[in-house]
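Between the sequences and the hints, there should be enough to build the whole structure, so can you do that?
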Amino acid sequence: MIRLEGVCKAFGPRVILDGVTLDVPDGRNTVIIGRSGSGKSVTLRCIIGLIRPDAGRVLVDDEVVADLDRDGLTALRSRIGYVFQFAALFDSMTVAENIALGLTRRGYTPDEIADRVQHSLRLVDLPGVESKYPAELSGGMRKRAGIARAVALRPRYILYDEPTTGLDPMTTSVMDELMIRTRDLGVTGVIVTHDMKSAFATGDRIAMLHDGHIRQSGTPDEIRASDDPVVRQFIEGRPDRALAAVAGEA
Amino acid sequence: MQRLDALRAPGRPEVISQVGRWTLDAARALADVSVWRPLVIGHMRRLGVDSIPIAVFIAIFTGIVLALLASYIFTGAMPLYMVGALVGKTVMMELGPVLTGMALAGRVGANIAAEIGTMRVTEQVDALETLGYDPLSYLVVPRVIAATLMFPVITAFAMAVGVTAGWITAVNILDLSSVEFFKGLRLFYHFKDVWFGLVKSASFGAAIALMGSLKGLSARGGAEGVGAATTRAVVLGCEAILVLDAFWALVLL
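Protein chains in written order, with the numbering used here: chain A, 1 to 250; chain B, 1001 to 1253.
Derived from the structure by calculation, the hints contain no laboratory data. Hints are all accurate, no fakes.
Which residues of chain A face chain B? A partial, calculated answer using Cβ under 8 Å:
id: 1; residue: I48
id: 2; residue: L50
id: 3; residue: R70
id: 4; residue: T74
id: 5; residue: R77
id: 6; residue: S78
id: 7; residue: Y82
id: 8; residue: F84
id: 9; residue: F86
id: 10; residue: A88
id: 11; residue: F90
id: 12; residue: L101
id: 13; residue: G102
id: 14; residue: R105
Glycine residues also receive a C-beta, built at the ideal position from the N, C-alpha and C atoms.
Structural data, given as structure tokens:
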């Protein structure tokens, strides 16, 4: 289980997270929503240990992430897959080499690696692209290859950073289906997005991050029925505050 | 916010602990042999073998200029066979390693900083970490080892080519015979001249690769950040060459 307890993070004078507390239940997709710059990606990076919180604790399987040494972090990361916003595929490697890299690190034999590469690409409906380079793929294909790289390691958790940003509606639906399919395989997902359609489609629980802390969390139905004006404004996409801010500046 | 206010600025013990952590990280990265060893050969080719043409180009013109300069200085004052001595000593001990190092600070240092910097700003370095790799082991150590091993090889090529270019110039333009040129070359030659230049060039290689790697890893932002990191890596690489050059002169001469 992943648990965040009072997590704080600031970059210089800018406070990003100011006491985020959140439980991520096993075997479910938890979606973190919030405006751009609200700290959603920072939250994911704290979970996998890429960023160290200034205060508070992130626990994964009862281990405090910030207390782990490099070997401990490597062991933790073997249980967590990370799908980056822009896929972050290694552009000097083919798709197969990208997927194989994490498996090589874990000591799999070449035959096992080849099997897992094929299986992962089939899972994301991308057969036949093994020898292509990331630059030869479309944005949607790159994101699916990123998911294939994450699922090849058979992780217990997958963290998705804006998986549908910049994709057309059809590719977005494919990505949503992939995240649901992965969840059905027993993988716990944490999905960061500001795409409400995707959030409602993929989330078993939804948490809204606002002003550095969790404003509300609950099931998709509870979020839909929320009477919190900030939550309502976000899920309905009403720009009145933004417009007021623009008018104020003018 | 109050929770964040409780955090203090780092004091001296924290700085010492930071330096200690860096040292431990470097030692751990070096010990991760299974990660960096398979990558060294590829980097030796990319950083080393591919740099030979530029080193040879510089060495040819250095040899030519040195021969002409020596002739200008020595004519009427000293026997002309001293041209061989000046070309040999200068190419082997100073200009071979330093000019090659400067050229490679641009080629190799910029290449490393731009490549790793681009990986940093496109989250590929973070992706490496999430896959269980230490960026120091995977990105920095193999490049530093490859450059340390290959710079002396490139410099040796440059020394041979520079002396040869000086000899050809002396014979064809200065009317010096080959016998006279090699008499001068042998007159003040010590084997130390060669290994002094090669030891220096190994340290230049290590410094240039290290600066390029660390500046690349610290790149932030987008293309502008990568450009700034690349420029800084080249400048620091050149500065490191000059400082190391003086250091080795003090220590070994």
